[in-house]
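S.K.: Here the structure of chain A is known, so what remains is to put chain B in place on it, guided by the hints.
Spelled out from the first residue to the last, the chains are:
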Amino acid sequence: MIKFIKHFLLLFSLLIAQIAVVPALPGNFKNLNVILISLVFICIVYRFYLGVSYALILGFVLELYSALPFGAMILSLMLTLYVIYKIFQHLLTNKSFYTLAGLSILATVIYNGFIYVYLVALYFNQTKDLQLIKQLSVLSGVNILWQLLFNIIFVTILFIFFHVSSTRFKAVFVDTVKR
Amino acid sequence: MLKKSSKLILITVVTILLLFFLHYIRVLSPLENLIVSTTKPIFHGVYKTSNWIGENYLDYQSRQRLLQENKQLKDDLVTLLREKSQYLVEKEENEFLRSQLKVLQDNNYEYEIARVIGKNVDNTQNSLVIDKGTKNNILVGQPVLAEQGILVGKIIKVTKNSAMVLLINDDLSKVAAKIQNDAKTIGIVEGEYGLGIKMRLIPKIELVKETDIVVTSGLEKYVPPNLIIGQIDNVVDQPEALFQEASINSIVDLSKVTLVNVIIEKIEND
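Protein sequences, first through last, are from chains A and B.
Numbering of the first sequence is given in our numbering, commencing with residue 1 and proceeding in unit increments.
Numbering of the second sequence is given in our numbering, commencing with residue 1 and proceeding in unit increments.
Looking at chain A on its own, in the form it has when it is part of the complex:
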């Protein structure tokens, strides 16, 4: 029961942060993607399938508050996590800060890439206006850059916090803890 409450509180906090807090931040801070980075963190540090389960639930609720067609957010999250996990398994295999930062960057690019493709398809289908799509591309490019910056900062904060409070990270640069 307590475990269930913990999971529920974590999921609910992430939803509140992403839906109600981040969009109200001033300037370009609203580009921060709390849910994506948290999911990447959970998949790498804890268990991959725990991250997948969270992604399903969070994705479903995000779909209800999104203007995109149903399924865009869930699919983007799932595919992103799958790619990240594959790279983690075969390429960046330790739980160090560099791995986390690198995977966060990759996740941001892949996730926003999927969303961008959805948006372009949607715009083209409804308007056939290439100029509009060009403007969307420029805007998306700028937003992705800001998102990269803030996501890196967020993942650094997460890493420092867990490095201090948990044994899952032993060193900043090279991990010596068994997975």
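What the hints contain is simulated information worked out from the structure, not anything from laboratory work.
Remember, predicted model here, so these are calculated numbers, not experimental data.
Just so you know, even glycine gets a beta-carbon here, dropped at the ideal spot from N, CA and C.
Each hint should be verified, as a subset may be incorrect.
What the hints assert, rightly or not - Cut-off 20 Å, straight-line C-alpha distance, at most; resulting in silico cross-link-like pairs (SDA-like, lysine to any residue): (1) LYS30/A <-> LEU58/B; (2) LYS30/A <-> ASN120/B; (3) LYS30/A <-> TYR57/B; (4) LYS40/B <-> VAL83/A; (5) LYS3/B <-> HIS90/A; (6) LYS40/B <-> PHE70/A; (7) LYS6/A <-> SER53/A; (8) LYS48/B <-> TYR65/A; (9) LYS40/B <-> SER66/A; (10) LYS48/B <-> HIS90/A; (11) LYS48/B <-> ILE16/A; (12) LYS30/A <-> TRP52/B; (13) LYS30/A <-> PRO225/B; (14) LYS160/B <-> LEU139/B; (15) LYS119/B <-> VAL129/B; (16) LYS30/A <-> PHE43/B; (17) LYS40/B <-> LEU64/A; (18) LYS3/B <-> LEU50/A; (19) LYS40/B <-> ALA17/A; (20) LYS174/B <-> VAL103/B; (21) LYS174/B <-> ASN107/B; (22) LYS40/B <-> LEU9/A; (23) LYS7/B <-> VAL83/A; (24) LYS4/B <-> LYS30/A; (25) LYS40/B <-> LYS86/A; (26) LYS4/B <-> PHE12/A; (27) LYS86/A <-> TRP52/B; (28) LYS4/B <-> VAL22/A; (29) LYS7/B <-> PHE48/A; (30) LYS86/A <-> TYR57/B.
What the hints assert, rightly or not - Derived list of chain A stretches under chain B, where covered just means 3 residues or more per stretch with a C-beta under 8 Å from a C-beta of chain B: (31) 15–26; (32) 96–104; (33) 130–139.
M.R.: The following block gives chain B in isolation, referenced to the frame of chain A:
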């Protein structure tokens, strides 16, 4: 037999496809509506709070900016007031110098302009301290003029860098003067308790009237003739007295003199 990981991937894919299917056939609508209706008030409250914090932060920032601007403007105001004050002083000096220049050039006097830097500290005399002295060729006995060339006193004491001017309304002040009337009446202009000026020793047979102009007679060593002292205000002719007296009104307010001209000598025309 599928590996565990493959099984889990399969389950995930199936779950996702099921979700899509159930959503598009609207089976999930009640659940979706329930989630939205329960989470909406909470998200709304948190969003409002976040907005409020954001706005207050922006207000604080703009307040800080305004305070900074206000401070800067106050500093600028002080600077401008200082400059204005300087400008007014220079304007006063400029006007004084222009009026003096005409008078002195017309009469070919060599002169020294001085600032009044103080008054006599012991209150025993009506005198002013000026900022020029012997190094500027100031000597005891030289006449001192104020605006428009009106005589206000004579030098009574000199040091290297300063001098003391005895005002014409002081008890000890005595100037040889004449009235600009037909008879060119001569007399002595003396001060009265620092309050006024009187011309004494006017012969009783001389006809003196109010509004006559009184000027220096030129009988003193350093005091040239025809320097204006004032205008006759009232004539007192007592039967038992040997001489007439006339009170003189000076155009210059002796208590407000800030710039003076000291006549060094008259330049003789060749």
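S.K.: Could you work out which earlier hints the structure fails to respect and list their numbers in ascending sequence?
M.R.: 2, 4, 10, 13, 20, 21, 24, 25, 26, 27, 28, 30, 32, 33
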